[in-house]
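Protein chains: 2
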Amino acid sequence: MRRMIVLTDGYNDAHTAKTAICVIRYKPEEVVAVLDRESAGKTCTQVMGVGGEIPVVGSLAEAPGANTLLVGIAPPGGKIPEHWRPIVLEAIDRKMTVVSGLHDLLKDNAEFVRAAAEHGVQLVDLRDSDENDVANRRGIREDCLRIHTVADDCSCGKMVVSVELAEGLKRTGVDAAFVATGQTGIMVAGSGCAVDRVIADFVSGAAEKLVLANQHHEVIVVEGQGSLFHPRYSGVTLSLLHGVMPDGLILCYEMGRKAIFGMEDIPLEPPRKVIDFYEYAANIMHPCRVISVAVNGQKFSEREVAAECERVSNELGLPTCDVIRHGPEKLVAAVLRLGKELHKGGIRGLEKAPG
Amino acid sequence: MRRMIVLTDGYNDAHTAKTAICVIRYKPEEVVAVLDRESAGKTCTQVMGVGGEIPVVGSLAEAPGANTLLVGIAPPGGKIPEHWRPIVLEAIDRKMTVVSGLHDLLKDNAEFVRAAAEHGVQLVDLRDSDENDVANRRGIREDCLRIHTVADDCSCGKMVVSVELAEGLKRTGVDAAFVATGQTGIMVAGSGCAVDRVIADFVSGAAEKLVLANQHHEVIVVEGQGSLFHPRYSGVTLSLLHGVMPDGLILCYEMGRKAIFGMEDIPLEPPRKVIDFYEYAANIMHPCRVISVAVNGQKFSEREVAAECERVSNELGLPTCDVIRHGPEKLVAAVLRLGKELHKGGIRGLEKAPG
Numbered sequence: 391m392r393r394m395i396v397l398t399d400g401y402n403d404a405h406t407a408k409t410a411i412c413v414i415r416y417k418p419e420e421v422v423a424v425l426d427r428e429s430a431g432k433t434c435t436q437v438m439g440v441g442g443e444i445p446v447v448g449s450l451a452e453a454p455g456a457n458t459l460l461v462g463i464a465p466p467g468g469k470i471p472e473h474w475r476p477i478v479l480e481a482i483d484r485k486m487t488v489v490s491g492l493h494d495l496l497k498d499n500a501e502f503v504r505a506a507a508e509h510g511v512q513l514v515d516l517r518d519s520d521e522n523d524v525a526n527r528r529g530i531r532e533d534c535l536r537i538h539t540v541a542d543d544c545s546c547g548k549m550v551v552s553v554e555l556a557e558g559l560k561r562t563g564v565d566a567a568f569v570a571t572g573q574t575g576i577m578v579a580g581s582g583c584a585v586d587r588v589i590a591d592f593v594s595g596a597a598e599k600l601v602l603a604n605q606h607h608e609v610i611v612v613e614g615q616g617s618l619f620h621p622r623y624s625g626v627t628l629s630l631l632h633g634v635m636p637d638g639l640i641l642c643y644e645m646g647r648k649a650i651f652g653m654e655d656i657p658l659e660p661p662r663k664v665i666d667f668y669e670y671a672a673n674i675m676h677p678c679r680v681i682s683v684a685v686n687g688q689k690f691s692e693r694e695v696a697a698e699c700e701r702v703s704n705e706l707g708l709p710t711c712d713v714i715r716h717g718p719e720k721l722v723a724a725v726l727r728l729g730k731e732l733h734k735g736g737i738r739g740l741e742k743a744p745g
Numbered sequence: 391m392r393r394m395i396v397l398t399d400g401y402n403d404a405h406t407a408k409t410a411i412c413v414i415r416y417k418p419e420e421v422v423a424v425l426d427r428e429s430a431g432k433t434c435t436q437v438m439g440v441g442g443e444i445p446v447v448g449s450l451a452e453a454p455g456a457n458t459l460l461v462g463i464a465p466p467g468g469k470i471p472e473h474w475r476p477i478v479l480e481a482i483d484r485k486m487t488v489v490s491g492l493h494d495l496l497k498d499n500a501e502f503v504r505a506a507a508e509h510g511v512q513l514v515d516l517r518d519s520d521e522n523d524v525a526n527r528r529g530i531r532e533d534c535l536r537i538h539t540v541a542d543d544c545s546c547g548k549m550v551v552s553v554e555l556a557e558g559l560k561r562t563g564v565d566a567a568f569v570a571t572g573q574t575g576i577m578v579a580g581s582g583c584a585v586d587r588v589i590a591d592f593v594s595g596a597a598e599k600l601v602l603a604n605q606h607h608e609v610i611v612v613e614g615q616g617s618l619f620h621p622r623y624s625g626v627t628l629s630l631l632h633g634v635m636p637d638g639l640i641l642c643y644e645m646g647r648k649a650i651f652g653m654e655d656i657p658l659e660p661p662r663k664v665i666d667f668y669e670y671a672a673n674i675m676h677p678c679r680v681i682s683v684a685v686n687g688q689k690f691s692e693r694e695v696a697a698e699c700e701r702v703s704n705e706l707g708l709p710t711c712d713v714i715r716h717g718p719e720k721l722v723a724a725v726l727r728l729g730k731e732l733h734k735g736g737i738r739g740l741e742k743a744p745g
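Protein sequence lines correspond, in order, to chains A and B. If you count the first sequence from 1, you need to add 390 to reach my numbering. If you count the second sequence from 1, you need to add 390 to reach my numbering.
Hints in this document: simulated from the structure, not taken from any laboratory. Any given hint could turn out to be false.
Identical copies go unnamed one by one, so any copy, or any two together, can satisfy a pair.
Within a straight-line C-alpha distance of at most 35 Å, the following computed DSBU-like cross-link-like pairs (lysine-lysine) qualify [as the list claims (entries may be wrong)]:
(1) K689 with K485
(2) K497 with K599
(3) K497 with K432
(4) K648 with K734
(5) K560 with K497
All chains should be modelled from the sequences, with the hints used to inform the complete structure.
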């Protein structure tokens, strides 16, 4: 059983600490403590809005029951902060497994590797990949309904929407699966591939393999990455879109955000334009449309989020909700309607579903 | 001085042997012989249509003056053919430098590495990369006119068009540069980055670096890779398009091709649709349009190619030519017009240019 200390030290904002926050949200039973020296003494909920009474501590020594250190941030470029080195080395010294989702692999750090070998400790790089196959378009089971989350930007909640939608589908009796494509999703799902770390030529091949490995389910919800509108990551997004060949897309966005995250002089595009381009790009490979919108309203009040959802729903003619505030039922219904229309996966679930 | 034997053994068709053919076309003074056992005794021109009297030989022993073995093919997935192993090992034994552009890196092959160390021989992987920076959109010199070649498919002549266009611009007095983004282009240009081998998150960053490194020229012609319409490589193409932020695009295609190369059940899209999607995708990041069309008419007669160019030019309203048959002058003129319109690079060249 994994008993984790989640390291966010100095980076506990919602974006940079998204790995930490999602692991705490979906795997709280595995989290013993959060290590963040500035906020030591508080609870996890006080600092990050999730995790209940899980304590925030100032040192590894304060959580002696932990057997794993999770590097819980995802900064642009994915480099490990220099001032974390001694903490990682102390964890290794304490014989803790170290798990990281950074581009900067633990296994490429000679100091960590040497220490881990000395103490018989395992270093786990969630983002490491040896994918080296191109997509082949062979063996795709067309009865499996493929749903994919996309967005106007990175770090706006695609993974959370994907997990909540898959869970919601399961609750209505559908054999659905969440398919992880990033380091955080892999922590939650227990499998997957961090596609942004794969050699560019093999990303759509890696996406296709994830489909092949999961298409025995009626519905798969494949986590999106980046955005077709992101100057840094648009190619990752397109490789994934073309490798997954989704039947339906869920458009995700964060309410109130005006510019590309981390590139404040690049404004976000209006949702209509975002939808048009995704549909255009997806349909090059496979018939597909945006079936629903998921709003991330974390910075706004209940009332403001409800108003936004109604406005967007009217403007775009698509069911719209905030999965954290409202649950995923509107998205679930949109997926079931698409499944029925296409005579695909989810039909059995639809028969079982109430109403 | 490099004196190469180009290895194509068993793979001398125009697509798979494109590295060989382009190196022979643009660096004939460095090529001593082609090694292809089936065609031994013929000339290079007889087998591949370029290279004049360069001999095709059946063994390394027949070209004792060579000091370098170039692996001259680029198969899908980039793996080295098993039956080439003994040839590579013999080259190492002969103390020849081995140069390869395959995904399958020479340096990852323990047998090659051991033999190279033993004989003091250098292994050069053109595709190897340690790029690990994201794009930043800083320091772009807007006076440099950025031209980029794009296509409906891979392996249809984007590199040749890019080289010919840059050379044509130089002949009219423009300070232009060809910027290589693939292994063959790197052999021709002597520098560049094989972007398809870069970790997906860093491809647009690598493209941006190529722009920053070359933007002291008035015009840069950045070689395109893959195609937005290619199930395997579309993400590489989009990363490059968004990293380069071109002002103008040259659409390349191979006359007579009906389907994606190597995926015969996926038909190619009509040029109008191809142009629309490239312009849509490029304009997300930077104002850009397709300014000209380059036809690869290698499988057709002079007359057929001329008719195709006229038909396409009328249909699309764009200057159209086959750079190998007709020279690049129409493309050069289109670039100079764009430079004048945008008050960018090439203006000086335009003043110098005749007519």
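The hints, checked one at a time:
| no. | hint | in the structure |
| --- | --- | --- |
| 1 | K689 with K485 | neither (39 Å within a copy, 65 Å between copies) |
| 2 | K497 with K599 | both (25 Å within a copy, 27 Å between copies) |
| 3 | K497 with K432 | within (33 Å within a copy, 51 Å between copies) |
| 4 | K648 with K734 | between (37 Å within a copy, 31 Å between copies) |
| 5 | K560 with K497 | neither (37 Å within a copy, 47 Å between copies) |
The structure shown violates the earlier hints numbered 1 and 5.
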